[in-house]
Amino acid sequence: MKILMILCFALTGVFAGQFDKVKITPDISYLYVYHKGKAVKVHRIQDTKNKLTGEYAKQYRPGQYIQPIKMHDDIQTIGEVELLHFMKEKGNYKKGILVDLRPKRVYKRESIPSAVNIPAKTKDNKVKLEKILKILGADRKADGTLDTKKAMDVAFYCNGLWCEQSSEFIKEFLKLGYPAEKMLYYRGGFQMWKILGFTTVVNK
Amino acid sequence: MKLRYVVMTLIVSSVLSTANVVEITDGMPYVKVEANGNKYKIERTQDKDAYLTNTFALTSRPSPPFFIEPFLVTSGVETYGELELLDFVSEKKGLLIDARLENWYTKSAIPTAVNMPFKLFLTKTSVREKVLQDLGGKQDSSGKWDFSTAKTILLYCNGAWCGQSPTAINALIDLGYPKEKMKYYRGGMQTWQLVGLTTIVPKESK
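If you read the protein sequences in the order shown, they are chains A and B.
For the record, in the first sequence the residue sitting at position 90 is 90 according to the numbering used here, with numbers rising by one throughout.
For the record, in the second sequence the residue sitting at position 176 is 176 according to the numbering used here, with numbers rising by one throughout.
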């Protein structure tokens, strides 16, 4: 009996996704990523009656200005499909990292799986910024230039398309010498991730 | 004392009501557009308690037919956001096309949009010929289309999970419509409403 149950679980595991009612793309139903060392299945809420409620369904947003589709000529803007591709091809191989630029308390409440938190206000702290560059694999050489040959690709997001933090932070990174082709801007941000019913994680 | 307070409040609130607390973007409280003989004021909701609660708040739709669309339909066709759409309609850079089926469009649409359901572009019909001519296409005696002087068009549908406008764009590419004359507003009705932008109920559909 026990073996049968395990077998059943294993089978549902194998076929999970194949019979998903709500898929991501025609080829992808789910994706495993690593969040703080643990595998997390990223997929979409399967209840087709589920509605987004709460903070991210809010339409009234004074002072939160709609951002252009491109934040900079050389920085590529991506959507969810490209972000998932980034997680799979880069994030899972430590060639890239997803950065959540929102304040720590907001990140703690809920974030996109695999994202690490670098609050956008860090851009005003030169010492911290240099440390982050080093962690990302960019070496500050003696002559002051930044060696980014081995630097990781970075995808940035903040709260939504009305959030300025991503563009401000990316501009600061460009100034510091981080190459534009190694940075991506997920403009939809956490709000779009939520309204499409994607998996989120709590960072307590 | 109490009366003075009330009067003051009234004055303050009347002043405030003329200014938008929620701007579209910094320094842009609203956009006024004239199209198809109508005047529109496009702005974001000023209602403190506004939440998205209609069908566009749904997170999950059955696939097929609904899948999340890539950021780009194809390289060469630019993807637009809300600010680019507003600039497109207010500067009269071309025609905004709602590519959804008519029953969606008549319920609610983006101001200035005309309805050209995506299915219309898929099969060779006299209606399609008429629409392509309206867009500025010219057909030679062999039936081949020339869109070199055609209008620039911006297409949208229901949201990032809607394949209708990408399908229309791909069909138009097959017909020879130049990619640089087509733009794609991927956010569609869902994102438009999520950020509280003005929608209209079109008086009559085309």
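Honestly, the hints are just simulated from the structure, not real lab data.
Keep in mind the model is a prediction, meaning the values are calculated, not measured.
Be aware that one or more of the hints could be misleading.
Distance ranges between label pairs, derived from CB positions [unchecked claim]:
(1) Glu78(B) / Gly54(A): 32 to 42 angstroms
(2) Thr152(B) / Lys204(A): 43 to 53 angstroms
(3) Leu101(B) / Asn125(A): 31 to 41 angstroms
(4) Val127(B) / Lys150(A): 39 to 49 angstroms
(5) Asp146(B) / Arg105(A): 24 to 34 angstroms
By construction, the Cβ of each residue, glycine as well, lies at the ideal position given by its N, Cα and C atoms.
Point to revise | Hints violated by the structure (numbers, ascending) | key: 3, 4 and 5
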